[in-house]
Amino acid sequence: MMTADAPAVLAAPRGRLALWLLLAPALTWLVGLIVLPHVDLALLSLRARVAPRVYEWSFQQYRTFLEEPLYWRTFVRTATMAILATACTLAIAFPVAWHIAKVARGRSKSVLFILCLVPFWVSETVRTLGWMILLRESGVLPRLLADLGFTAAPVELLYHDATILVGLVYTSLLFMVVPLVNALESLDDALIEAAYNLGGGTVSILRDIVLPHAAPGIAAGSIVVFMLTLGNYLTPTLLGGKNSLWFTEQIYAQFITRFNWEQGAAFGFLLLALSTAIVWAGLRLTGQRLGDVMRRP
Amino acid sequence: MIPSLPRSSLARLATAGYVAAFFAFLFVPLAVVALFAFNDANYPAPPWRGFTLDWFLASGGTRTGLFADAPLLKSLGTSVVVAGWVTLLAVLAGTANAFLLERARFPGKQALSLLMLAPLVIPGVILGISILAFASRLAQFADDALGLELDFLRPGLPLVVAGQFSYIVSIATLTIAARLKRFDATLEEAAYNLGASRAAVLFTVTLPWLRPALVGAAAISFLMSFENFNTTLMLTGSDPPLTIMMYGRMREGASPVLNAVSLFLMVASALLALLLIRRPRSPG
Chain A
1 MMTADAPAVL
11 AAPRGRLALW
21 LLLAPALTWL
31 VGLIVLPHVD
41 LALLSLRARV
51 APRVYEWSFQ
61 QYRTFLEEPL
71 YWRTFVRTAT
81 MAILATACTL
91 AIAFPVAWHI
101 AKVARGRSKS
111 VLFILCLVPF
121 WVSETVRTLG
131 WMILLRESGV
141 LPRLLADLGF
151 TAAPVELLYH
161 DATILVGLVY
171 TSLLFMVVPL
181 VNALESLDDA
191 LIEAAYNLGG
201 GTVSILRDIV
211 LPHAAPGIAA
221 GSIVVFMLTL
231 GNYLTPTLLG
241 GKNSLWFTEQ
251 IYAQFITRFN
261 WEQGAAFGFL
271 LLALSTAIVW
281 AGLRLTGQRL
291 GDVMRRP
Chain B
1 MIPSLPRSSL
11 ARLATAGYVA
21 AFFAFLFVPL
31 AVVALFAFND
41 ANYPAPPWRG
51 FTLDWFLASG
61 GTRTGLFADA
71 PLLKSLGTSV
81 VVAGWVTLLA
91 VLAGTANAFL
101 LERARFPGKQ
111 ALSLLMLAPL
121 VIPGVILGIS
131 ILAFASRLAQ
141 FADDALGLEL
151 DFLRPGLPLV
161 VAGQFSYIVS
171 IATLTIAARL
181 KRFDATLEEA
191 AYNLGASRAA
201 VLFTVTLPWL
211 RPALVGAAAI
221 SFLMSFENFN
231 TTLMLTGSDP
241 PLTIMMYGRM
251 REGASPVLNA
261 VSLFLMVASA
271 LLALLLIRRP
281 RSPG
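If you read the protein sequences in the order shown, they are chains A and B. Using my numbering, the first residue of the first sequence is number 1, and each one after it goes up by one. Using my numbering, the first residue of the second sequence is number 1, and each one after it goes up by one.
One chain only, chain A, in its complex shape (with noise of 0.2 Å):
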């Protein structure tokens, strides 16, 4: 629309000015914080110490993250709960996602849907903290257990891998809910219909018919899911703790507790890789772009 005559007034010498006016924030942020930060730390995980303060090229970094079993089980183990979690979120939010945009209708449809959204207004400590009192030992949910008799003595809920898995999933519905009911709701009942009439079981339908049409949604949700959740710091630390064993915490100890930045960097760049390995390939195998799936949530 507009950039048919958008060329003409930023060709002329005050259009030139304009444009690199417009240009100088855009280049400040993503040369001056992406991407030299990021050139700085590939060039500090390559490196290291021979004598105080003298460096020297090598990949020790990521060979001690091979040969150092903790590193690297915590890394693949990092990655499953990942995945398992955001299998999890999907198989939890989509029924809710289908009920939102093709069950409920009018005013309900808008209330479910905005409370959907409110427990993500205040932040994942709050969240957290919730769950806390829930969980532990002294907690509510334990205390019930035991008052009505399922457990003798309230047990701790708290630092299993289970309670990893139910934080991250809570904390990840939201990015999952939404994707998946905007892709439901551009299903045409009809469809659904036509299919019913013609003698499809809902095994079938949901086959045929909805998953293929839901799966942009299906993607983009799990995409993001997953990206947050490898990423996640304070609910694999607050609810799993000691035992959490999760990969941004070898990060956070290589470059604050040890100050053994080298090292830490390394382990970002295999975090930053991971990521965007399977972003990568989320994006390939379904065919989509990334401006679409961010500009979805």
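Everything labelled a hint here was simulated from the structure, so no lab data went into it. Warning: the hint list may mix true and false statements.
What the hints assert, rightly or not - Stretch by stretch, here's where chain A covers chain B in the computed footprint (C-beta under 8 Å, at least three residues): (1) 10-19; (2) 82-96; (3) 112-119; (4) 217-223; (5) 226-239; (6) 249-257.
As the list claims (entries may be wrong) - Quick partial rundown of chain A residues pointing at chain B, CB under 7 Å, derived from the structure: (7) P119; (8) S123; (9) G130; (10) A190.
Predicted, not measured: the structure shown is a model, and the values here were computed from it. The beta carbon of each residue, even a glycine, is placed where N, CA and C say it ideally should be.
Use these hints to put chain B onto chain A, whose structure you have.
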């Protein structure tokens, strides 16, 4: 499946039950946080020992309430200041970026617009460490080569603002550019034909059209900054924002004063949300 198809009443009941359970799952943790802000016990755990406002108001005795807890209030203030700066910078830069993406044509635009999305797929922890390492290298360089002591490059609030800005501006850009795209260019042409200057057109036609997006981007930026944990954790110095302060206290053990500050945040964000929803939308 859908209401126009016949469903057994059992299926209907099961769906309703599932949806109810889902919303219970969503809200129980928040309800519990709010409830135990008023429990008359030193530890946020059952049983219920009676109603008290100590965790908001107490001071001097064995209990310190939210409004007497100086470090907690200070970190709340720090969060507001950081979020204010991030919001201002993100909306200004986001507006410039939106015009750049929607109005300008220049070589490498495609690559630039893709690069603008990159911060959204970089884990927050990595944004934090890369900016930390780079700033530290710059500070080292300034010290070695020029003999300058550049404190703002050391972990602290300027770096926290930079770190949060680095990805929040992507979101602001997307929000504002989406609305600018839907702008009817003939409105600007009409204003030019009527003799308006470029500045007059910008301030009386284009920016008023963008207003809802600018307000929306500001609200999202403020909220994202206020809630940010991952990036902030890596960049914070001696005066931590609220999320970092709360995290530290939650690791040490629990005090209902954390419930009090959480409830305060819930009420504040609910008011903000109501304000945004109730605000009359501009025509168009």
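Task: Unmet hints by their number, sorted upward, for this structure - done: 4 and 10
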